[in-house]
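Undergrad: Please build the complete structure, drawing on both the sequences and the hints.
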Amino acid sequence: MRSNVASRSASASHEDDMILRYTLGERLNHWFGALTYAYLLITGLAFWSPYFFWLAALVGGGSTARFWHPWFGLAFSASLFWMFKDWRQDMRVDNSDRAWGRVISNYIRNEDDKLPPTTRFNYGQKLFFWGMCYSVILLLLSGVALWYTEALPWSLRYVRYTAILIHASVAFITIGLFLIHVYMSAILEKGSLASMIHGKVTAAWAWTFHRIWYDDLRGASRSKQ
Amino acid sequence: MSQAVTEIVRISGHAGPAPGAGLNREFHVCKLVDTTTCIGCKACEVACLEWNGYPFTETTFDNTYQTMPETAWNYWNLIKFNEHEREDGSTMLLMRKDQCMHCEDPGCLAACPADGAIVQYANGIVDFQEAHCIGCGYCITGCPFNIPKFSPAAHKVFKCTLCSDRVTQGLEPACIKACPTGCLHFGTKPEMKELAETRAKQLREHSGFADAGVYDPPGVGGTHVIYVLHDAKNPELYGGLPKDPHVPISVRLWKGPLKWIGNLALLGGLVGMAFHYMRYGPKKEQEIPADDGRRP
Amino acid sequence: MTNGWIDIKNTDMMLIMGGNPAENHPCGFKWAMEAKRNRNAKLISVDPRFTRTSATADLYVQIRAGTDIAFLGGLIRYAIENDRIAKEYLVNYTNAAFIVKEGFKLPDDGLYSGFDSATATYDKSTWNYEQGGDMSGKAAGVAKSAAAHGGTSAPPSLPPNVAYDLTLQHPRCVFQLLKQQYSRYTPDVVERITGIPQAQFVKAADLFTSVRKDGDMKKVATIIYAVGWTQHTFGTQIIRTAAMIQLLLGNVGRAGGGVNALRGHSNIQGATDMAGLYDSLPGYLKAPIPTDTDLATYLKRITPAESKPTPWGSMNYWSNTPKFVVSLLKALYGDAAKKENEFAFNYIPRADRDYSWTHIWDDMYNGKVKGMFAFGMNGVMIGPDTNKNINALKKADWLVVGEIYPDETSEFWKAPGITPDEQRTINTTVYRLPCAGFAEKDGSMTNSARWVTWKFAAVPPPGEARLDQDIVAQIFLRVRDLYKKEGGKFPDPILNLSWAYADSIHPPLPQVAMEINGKALADLTDPVTKQVIKAGQQLPGFAWLKDDGTTMCGNWIYSGMWTEAGAQIQRRGTEDPSGLGVYPNWAWSWPANRRVLYNRASCNLDGKPWDPERKQVWWNEAAAKWAGNDVPDFKPDSNPKDHLGPFIMNPEGVGRLFAPIGVLADGPFPEHYEPMESPTKNILHPEQSNNPLVKRFKTPFDKLGTPEEYSIVCTTYRLTEHYHYWTKNNPVNVQLIPEPFVEIPVELADEKGIRGTDKIKVISARGTYIAKAFVTRRLKPMMIDGKKVYQIGLPIHQGFRGIAEDEGRDARTPANLLTPSVTDPNAHTPESKGFLVKIEKA
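Chains as they are written, first to last, in this note's numbering: chain H, 1 to 225; chain D, 1 to 296; chain L, 1 to 842.
None of the hints are false.
Once the Cα atoms are required to be at most 25 Å apart in a straight line, the calculated DSS-like pairs of lysine-lysine come out as:
1) K243/D with K149/D
2) K114/H with K283/D
3) K788/L with K752/L
4) K193/D with K233/D
5) K283/D with K200/H
6) K203/L with K788/L
7) K87/L with K635/L
8) K177/D with K455/L
9) K395/L with K370/L
10) K703/L with K681/L
11) K284/D with K190/H
12) K681/L with K838/L
13) K114/H with K284/D
14) K759/L with K780/L
15) K368/L with K395/L
16) K625/L with K218/L
17) K394/L with K698/L
18) K283/D with K190/H
19) K339/L with K323/L
20) K200/H with K284/D
21) K243/D with K233/D
The set of hints was computed from the structure by calculation and includes no laboratory data.
Since the structure is predicted, the reported quantities are computational estimates derived from the model, not experimental observations.
TA: Structure (C-alpha cells):
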C-alpha cells in the first residue's frame, strides 16, 4: 500500500529526475530503529566481551547501560514492528528473488547488470528485513527472561540457560546483518544513504538497482496510454 | 589475603634478605560445614545478618523451621531444613547451611560481563565488588548453586563474601565465629579436607552412615566451602545441594566458543567488507540507456 | 547439674530426655557434639517430638508425653535383668544393701504404705530403714522396729544404726525391693504405656546400659534433662528415677556422668540457690514452719543425724546446718541478731501452707492476694492456665511490673477477648517500671553447672530505666520509713533488716555478693592450721561458718566466691591441666569451687579412679590425703579404709536408691502415674491412675478434660530461635520464626483435612489456642495400649504483645491458655508437658 503512495508521489516529482523512495514516516522510523539499535549494539557488545566493556563508558557506565538496554530493546522492537507494518508487502519473497539469489555472486562483484531486475527491495534487502524481524522476536523473548532473570525461580533456571545462548547468538546474527546493511547502504551503494535522509533517489539509481520498481513507476502510466 | 598483610618483605637493621621474603605462602581458605553436627540453631544466620548490617525483613511461616525459602540479596546464609524418612522408617532432620560455595571455577565470575565486579582472591574467596556490579544478573545464570541474588532496590547482585573483610584481618568468617557446636570450621583447604574426611570416616565406622562423605564437587573445580554429609550419595536431600554441579553448559558455550566465534566473525566481516570495497569498489548507478524508451 | 557443661565432653553415652539442649542450650550442646566427635559417644534422644537434638542422635525414641517413669523404670529392670549394674559401687556407695522397715508396701495398687485417703497424704513412718546392723545371710524380719507404730507426734527419723545385707539378698533390702518394684516394668508394659515398640525400647536400653557391659567400670553415661521432666505431676520422681539409674550403673560423681539438669535461664540456678521456692531459705535450708516455735526446735527438725551401717562412716555435712542458719540470720539482721533473741529467728516468716506459684494465683483469684510485684518475669505468660491468671489479676488492687518491654502481664487487661467495655470495669492499678536489661547491669549469674560468674554492665540503662536493686532498695527504704513513722503489727524484721551498703539507695552488687559470701564478725582461728581470719575479713569458705554469731553469710553454698583474695567469680583463667574441662580458675563453682559433685565416687573403694584416663580425684597414700584435678568433694584426709560414704550430703553417706521418710512426698521409689489429663487409664493400677497426692483447685477455671472429648496429647516447648516471651520484641528473632505454629503429625492432618500453614484451633478444657499448622513427619501416631494416640506440640513464645502480635499477624493467644493448674507435690511445678486437647480448622 505504502509503495503505491510512494509511487504516486514519485511520478509527481519526475520533473527533477528524482523519485521518492522513502516517506518521511519511513525515514523517521528507520532512523529511530537505527539509533536504538546502535545503542543496543554498543551496550550489548559491552556486556558481550571484556574487550568491548569500555563501550559502556560511552553511554554512562555499565549500570546505566544495563538499566536502559532492555528499554531500548523494547523501543527497537516497536520500531521494527512499525517497519514490518510498512514494508511486509514489499518484502514478499518470490521466485524472481530466488533466481536473483542464485546469481548473487554477480551482485557481490558489482556486476549488477548481470542480475535479474528487482522490485522495490532486492532479495538481499528482504533477507535482511526478515532476518531482523525473526531475530527481534527471539531477542525480545530471551531478553525479557534476562531482564527479570532474578524473578525466574530456580526450577525454571533452564529458561535462563537457554535465553542467554539465544540472546547472544541471535544478537550476533543481527550484528552481521547490520554490518552488511550499513556497509552496503552507507558505503557501497552510492545514493542509498541519501535516500534514507531526504527520501529520494535518482531515476538512474532506481533503474540500476530496482528496475522492476522503476518500471512499475514509469510503466504504469505508459501502459495506460 | 591475611598473609599479604602480615608477610614481611623488609626488616630494618637486618643484614641480608628478610627471612621468608619472596616465599609463596599463599594458601587456599576453606569453610567446613559438618551437617552431622549442625543443630539448626541459626546462629550463623544471625551472625551473617549482623556482621553485614542487613536489617529485619518480614518473613512468613511456611510449614518449616527454615527462615525463608532460599537465600536473599540481604540474607546470605540460610540453613535449609529437610525432613527425610530413611528406608528403615526412621526420621532424619537434615540441616544444611546454605551460602556461597566459593567455587574454584566460579560460574558467576565466568558469566559476569562487568569489569572487576567479581573477583577471585588468591586464597580462593570469590567476592562481589558492589561498586563495579552493573546488575545484569548474568552471575545468577552462571551459578550452579542458586546463590547470587538481585536487589531490586540497589539494582545490584549480592552474595556471601566468606567475610573477606574479616579474613583479610586474620579473623574467621562471622558464621564460624557464631557456631556453637563446632559444626563450622575454617582453615586451609587441605586442613579442612582432612578434618572432613576424618569425620566422614568416623560416621561410616561408628555411626552407621555407610555413605557418609565429603562434598567438594569437582565439577566446579572444588569449592572453598565443603560439607560433611551423612549421605554423600544423595546431596539433593540437603535442601537441593546439586549432585554434580557444573557451570551451565550454555554459559560455557556462551562465554567460550560462541564468544570467539562471534568475535572472529565480527573481525572477519569487517575485514571482508574492507576487502570487498577495495576489490570491487562502490556500486554506482548507471545511465539509463536511451533505448530504454521508457524514459520521458 | 551434678557435673557441668564442659564435662559432657567426657562422656561415652548420653541419654537426653525431657530436654532439647540442641535448641534450648545450643552453646552447651557443643560438649555433647565434642563427646560424639572425640570419644565416639552415643546419644539417645527420647522425646515426644523429633527435635533438633534428635537430629544429632544415634537413636531417637518417640515417647508419649508424661510416661518417662515407665521408660526409666523399664531401663532399671533391663539393667538389673541383664546384670549391667555397677556391683561394687552399688553395694558401697548406695543404700542398696540397707534393709527397709517391715510394713513398707510397694505400690502394686498405686499406693505406698501409709496412705490416708481423707487428707491425701502419706504417713511415711514405714518408709524407713530397719535398724540393727549386719543382716547378711540372716532371715528376714529379725529386728522389729519399736518406733514403727509408736508416737505419732514426733516426725519419724532415720535410725542411726541401719540394718544392712551386703549380699543384697535380704528380701527387704533396698536392692530387692527395687528389683521387685520395677519387675512390673517389662518391655511389654513399657510399650503399652509409653507407645515405644518393645524392640525399640530394648534397643535403647541395650545401648544405654552397654557402658556396664560385662561389669566394665571404665565407661560413663550421663543423663541430661530439662523442664520436660519437671513439668509433670510426678516431675521430681522422674528425676529421681534417673538418679537411681545412674547410681545403679555407677555413673554419679564421675567425669562424663551424673544427672544433669539444664536450666532454662542464664541464672535460674542462682534463683533456686537463693531460695527461689517459698519452702526454702538461701542455700537449700528448709524454711521454718509454724511448729518451729524456737530456733532450737527448728534446728533440731532440719538438722539430720547420721544414719548408716555402723562400720561405715558418714560425713553428713548437713549436720552443720546450725552454722549455716545462724550465719544467715546474722547476714539478714546484723547486730539485731543476738544470742539472746535466738539470732532474730522469729523475724523469719513461717511457711504455714503452700505458697507456690499456682497457689499465688489461686489466692489472688480468691481475693486473698491483693497485689503483686512482677519483676524479671512475665507472670501471665509463664504459668499454667493464662485465663485464670488474667482473671485473678482483674481482681487484684494493684500490680507492679518491672520489665524492659511492655509485656502481657502489665497489659493483661488487653488480652484477647476482653472488650473495651470490660476493660473499663477492671480496677487493678498497674505500675509499669522500666528496668535495666541484662547487658545494662552488673552482677553474678549462676549457670546450670553451678558456676557463679560475674558480669559487667556493657551499656547504661536507657532513658528512665533503672536497675532492679535500685527499685527494690527504694521501695524497702520507704516502707521502712513508714514503719518507723507509723509503727505496725510487727515492724522489727523490717526495721532491723541489715542494709549496710555504701549507698543505700543504690546498693552496689559487689557488696551484696560479699555479704552473700560472708565474713568474720570476730577473730577466728582454725584449730588445725592455726590460720587466722580477722574480724571484718571475708571468709574463705563455708568451713569457717560458726553457729555462735561470730560469722555472717548470706548463703553458705556461695561462701568462697568473694574472699579476701578477691572476687573468685571474676576469674577468667583458662588453664585446664587435666584436659577434663575442669577449668578450676574460670569463675567459681559452688560448693568450694568443685566442678563435679560427689567426685569421691569416681574412685573405687581403694580410692583409685574407675577410669585412669579420666582422673578427677584420687587417694594419695603417701600424703594421706585426697588429691585431684578437681576439688575433692570429700573429707580431705579420710582414708578409704574408713569407708566414709561419698555422698556426704546424705546422712547415710551413700546415694539413695530408696528415698526414706520425708525426702519425697509421694513415695520412696518412683511409680508411673498418668498425667492428670491422659488418653488412657494407668494400666499398672487403673484404680489409681494419677499421683494420689495431686491436689486440685476449685475455681471455675480449674477444669480437666476427658479423653473422650479431648483425645490428643499436647506438649509445649521452646524454639532455638526465641527466648521465652521477650525475643518476640526483637526483629531478628521475629524474622527467624515470625509466627506461632502447632506441630501436628501428617496422619492427623490428613484425617482432619488440614494442610501446612492452615490456621487451626487447639482446644483444651481451659482455653483455645490459634496458630498455623506445621504438618510434620517428626511426630508420629502412637499405639497406646492398643489405642491410636496422636501427639501434637506447640511453642510457647508468642502472646499478645510483640512485633508480629502488634502487627496483627497472629491470633495473639498465649500457649498457656491450654495448660492446667495441677502441680507436682514435691517441687510444685505445674503439668505443662502432656495434657489433652482437640484440634479443628479455624
